[in-house]
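Residue numbers (our numbering), protein chains in the order written: chain A, 1 to 330; chain B, 1 to 97; chain C, 1 to 376.
Simulated from the structure, these hints should not be mistaken for laboratory data.
All residues carry an ideal CB built from backbone N, CA and C; glycine is no exception.
Among the hints, a few may not be true.
Said to hold, decoys possible - Not everything, but these chain A residues come out facing chain C in the computed CB check (under 10 Å): (1) LYS8; (2) ARG12; (3) LEU13; (4) VAL14; (5) GLU15; (6) GLY16; (7) PHE18; (8) ALA19; (9) PRO54; (10) THR96; (11) ARG228; (12) ASP257; (13) ILE317; (14) VAL322; (15) GLY323; (16) ARG328.
Unchecked claim - Simulated crosslink set (DMTMM-like; lysine to aspartate or glutamate; CA at most 20 Å straight-line): (17) B:LYS57 - C:GLU11; (18) C:LYS250 - B:ASP15; (19) C:LYS250 - B:ASP65; (20) C:LYS49 - C:GLU11; (21) C:LYS2 - B:ASP38; (22) B:LYS57 - A:GLU252; (23) C:LYS2 - A:GLU198.
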Amino acid sequence: MAHGAGGKASRRLVEGLFAPLLFSSLSEALGDAAHLDFNGTRIAITTDSFVVKPLSFPGGSIGELAVNGTVNDLAVSGAQAEVMVVTYVLEAGLPTPMLEAEVRAMGNAARKAGVTIAGGDTKVVEHGKADSMYITTTGIGRPLQGLKVDPRSVRSGDKILLSGPIGDHGITILLARGELDLEADLRSDTRSVLPLVEALAKAAGPGVRWMRDPTRGGVATSLNELARDCGLGIVLVEEMIPMRDAVRGACELLGLDPLHIANEGQFLAVVAPEYADAALNALSLIAGGQDAQIIGEVREQPSGAVLVTTRYGGSRIVDMLVGDPLPRIC
Amino acid sequence: MCLAIPGQVVELFPDQPNTALIDVVGVRRKVDLGLLQDNLPVKGDWVLIHVGFAMSKISEEDAIDQMRTLRMLGEAEAAMQEVQGYGLEDAANTKAS
Amino acid sequence: MKFVDEFRDPELITRTSDEIRRLADPNRYYRIMEVCGGHTHAIYRFGLKDLLPSNIELIHGPGCPVCVLPMGRIDDGLSVAKQPDVIFAAFGDMMRVPGTQGSPLEHKARGMDVRIVYSPSDALKLAQTNPDKHVMFFAIGFETTAPSTALTLLRAKTQGIHNFSVFCNHVTIIPAIRAILDSPDMRIDAFIGPGHVSTVIGCRPYEWIAKNENKPVAVSGFEPLDILQSIVMVLRQLKADEAKIENQYKRVVPWEGNHAALRAMADVFELRPYFEWRGLGFISQSALRIRESYAEWDAEQRFHVPGVRVTDPKAAQCGEVLKGVLKPHQCKLFGRECTPEHPIGALMVSSEGSCAAYFNYEHRKTAMVTSIASVA
Chain A
1 MAHGAGGKAS RRLVEGLFAP LLFSSLSEAL GDAAHLDFNG TRIAITTDSF VVKPLSFPGG
61 SIGELAVNGT VNDLAVSGAQ AEVMVVTYVL EAGLPTPMLE AEVRAMGNAA RKAGVTIAGG
121 DTKVVEHGKA DSMYITTTGI GRPLQGLKVD PRSVRSGDKI LLSGPIGDHG ITILLARGEL
181 DLEADLRSDT RSVLPLVEAL AKAAGPGVRW MRDPTRGGVA TSLNELARDC GLGIVLVEEM
241 IPMRDAVRGA CELLGLDPLH IANEGQFLAV VAPEYADAAL NALSLIAGGQ DAQIIGEVRE
301 QPSGAVLVTT RYGGSRIVDM LVGDPLPRIC
Chain B
1 MCLAIPGQVV ELFPDQPNTA LIDVVGVRRK VDLGLLQDNL PVKGDWVLIH VGFAMSKISE
61 EDAIDQMRTL RMLGEAEAAM QEVQGYGLED AANTKAS
Chain C
1 MKFVDEFRDP ELITRTSDEI RRLADPNRYY RIMEVCGGHT HAIYRFGLKD LLPSNIELIH
61 GPGCPVCVLP MGRIDDGLSV AKQPDVIFAA FGDMMRVPGT QGSPLEHKAR GMDVRIVYSP
121 SDALKLAQTN PDKHVMFFAI GFETTAPSTA LTLLRAKTQG IHNFSVFCNH VTIIPAIRAI
181 LDSPDMRIDA FIGPGHVSTV IGCRPYEWIA KNENKPVAVS GFEPLDILQS IVMVLRQLKA
241 DEAKIENQYK RVVPWEGNHA ALRAMADVFE LRPYFEWRGL GFISQSALRI RESYAEWDAE
301 QRFHVPGVRV TDPKAAQCGE VLKGVLKPHQ CKLFGRECTP EHPIGALMVS SEGSCAAYFN
361 YEHRKTAMVT SIASVA
């Protein structure tokens, strides 16, 4: 199970097993989408599977996640999603209204994101498998002009930009499962980040080095992956990290680190310092970007790691998770 | 051991005297008041919560007192330095405050 | 967050750490032990070591209930849950702790019904909503948590909920502190006392540390200002050659403790004659078991428990690290065979165990400082 959680175990599975056997060229760091030359046309392609319990939660459902997740993977690779194909693995006995609701949700999300759903496949498995429904989406997109995303272009002094408050999705899901008996006025932040990425490209394109959507494993995992890929250090300023009170409260109560909690509507960008202010300004003017912040910068040290600092001079290393974040009482 | 968080009692239940709804910056949960039955909290009180049980009432007075003590740290030292500045020693030997 | 943010005020933190620097005698080396794993976690989370002068060393004590739990107890608990229609319920802290056949989460992946609960009362509720299953709550914790387990057992009895039992691993803090002080290779100057345990037991149980062992104790809260103020308090005592118990966490800790909590514990639990602590060996009168009057809700009485004893691999130096004799990175297995991903000892599994805390938060900082120093 730890291998699906997005952290160290997942990375080992991909790098250790899948990559050597399946991927022809290992020279590129594994990104969110592959940009290929297809008969003279540059296209971007990505795929993602969506497994969530409960299927439906405040702020969205698996259908929306499935569309937005793939749109976002393409967006942070520097591409605009154009078309998608979908596979459903359905559990026998799934009530039709439930399926219909998700299909509707996907349709709405696709329309909102400007994506055409070109086709798909459905399989039904035995009752007891598939947690009601698994969805896979494969998206194809057109690379955006003026953006080149490459962790190797990251330099010491670059700024780290975050599009908005962290933890909304992961905590919403945790609470929606009902096992912890907690209630809060929180919603998943699932949305397409493409409009924000486009605004960033327009205002600061030449200065954008790297982007990622911090989904499973949270901001900590994405930034640790970057630190490892570029061999530099990431230093964050704790007070600059935007977070809703309820996310903070839930994390304090359950002993969770917000930096490890999944987000479905945010992205991180590394921007050259001379473009950072323009980048932040551009995001803050777009609907949904008002909470964007510069949360830190790239430095030589601690090489390959992420350090979180506080105003009073204390600091701590924040690592990738091993498995899913678990509540604690100690 | 011991992750315990302050929360405010926002609702009591007359038919469940050992239960309260507490709020932690917008996150709410019912907690068991059984360990505070000798001194039950009322609505508005702040309690320390651990594994879904209220462990203790939080004294705002003691908290304010603590902050006051902490704010005074270093002020005694600063006052000392100031006094030295007015001393009768050679001005060159006196640390400027 | 009220009663939290005030105690994380950066200006006051700076002021308090300045006071620590002023108080620390440059010709003296101070070894201060924080007993409680929650304090260990807070020290690392808030980066408090960065604020202390180099002649103050914080030693991490044995107050981590997951860390001191022998592996055999996990095997025993899981063996009960292997039976059909039994639900294994425990705090999240337990889920990745390895038994000889794997951790609770690994057992879940192999088909066992394992649930994470935030509260023992949630485990009891599980029993109510699953009448054809048996819910076994694997209880851990010091005196902070034991009263809640006690009350839950009381409620199970009063409400006649029979498909519920507790596998009790509650331990008590004073014998652990005694074991530390009795250890021949120990030299501790003062203690930062466990603030949340003290909300239950009060401050009196520590008086022997001051009277008989002549060591200052500050019973401390868990926010940065609490821990720093506690260090100020013990430094002041050491400077004045005093040894007494001070209650830094006054806003929450009653000197006499919580009588309702102590009553609940006395009603439901009794002391075991002895109990094995991982890394510390057998300690007498240091752990709780469920009284005969609640035998029906005692998993160890209701089910056949193998009573497995598992010895730690000889190379693992958990005991010395627990006692503060060795620093985590001084253990031969640290960062090599033993990491948070594949822990050999429990100090690496629990997020508040010294080894995990050091690995997750610290050791790359040390490497960074070293590499900067070597470049300079």
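Here is how each hint holds up against the structure:
1. LYS8: 6 Å, holds
2. ARG12: The hint holds - A:ARG12 has a Cβ within 10 Å of chain C, the shortest such distance being about 9 Å.
3. LEU13: 13 Å, violated
4. VAL14: 16 Å, violated
5. GLU15: Since the shortest Cβ distance to chain C is 14 Å, the answer is violated.
6. GLY16: 13 Å, violated
7. PHE18: Nearest chain C Cβ about 19 Å off; hint violated.
8. ALA19: Violated: closest Cβ of chain C sits about 19 Å from A:ALA19, beyond 10 Å.
9. PRO54: Since the shortest Cβ distance to chain C is 16 Å, the answer is violated.
10. THR96: 28 Å, violated
11. ARG228: Violated, about 12 Å.
12. ASP257: 8 Å, holds
13. ILE317: 5 Å, holds
14. VAL322: Given a least distance of 5 Å, the restraint on A:VAL322 holds.
15. GLY323: 7 Å, holds
16. ARG328: Given a least distance of 5 Å, the restraint on A:ARG328 holds.
17. B:LYS57 - C:GLU11: 27 Å, violated
18. C:LYS250 - B:ASP15: Cα-Cα ~33 Å, so violated.
19. C:LYS250 - B:ASP65: 10 Å, holds
20. C:LYS49 - C:GLU11: 17 Å, holds
21. C:LYS2 - B:ASP38: The given pair, whose Cα atoms are some 25 Å apart, is violated under the 20 Å limit.
22. B:LYS57 - A:GLU252: Holds, because 18 Å separates the two Cα atoms, which is no more than 20 Å.
23. C:LYS2 - A:GLU198: 40 Å, violated
Hint compliance for this structure: hints 3, 4, 5, 6, 7, 8, 9, 10, 11, 17, 18, 21 and 23 are broken, all remaining hints hold.
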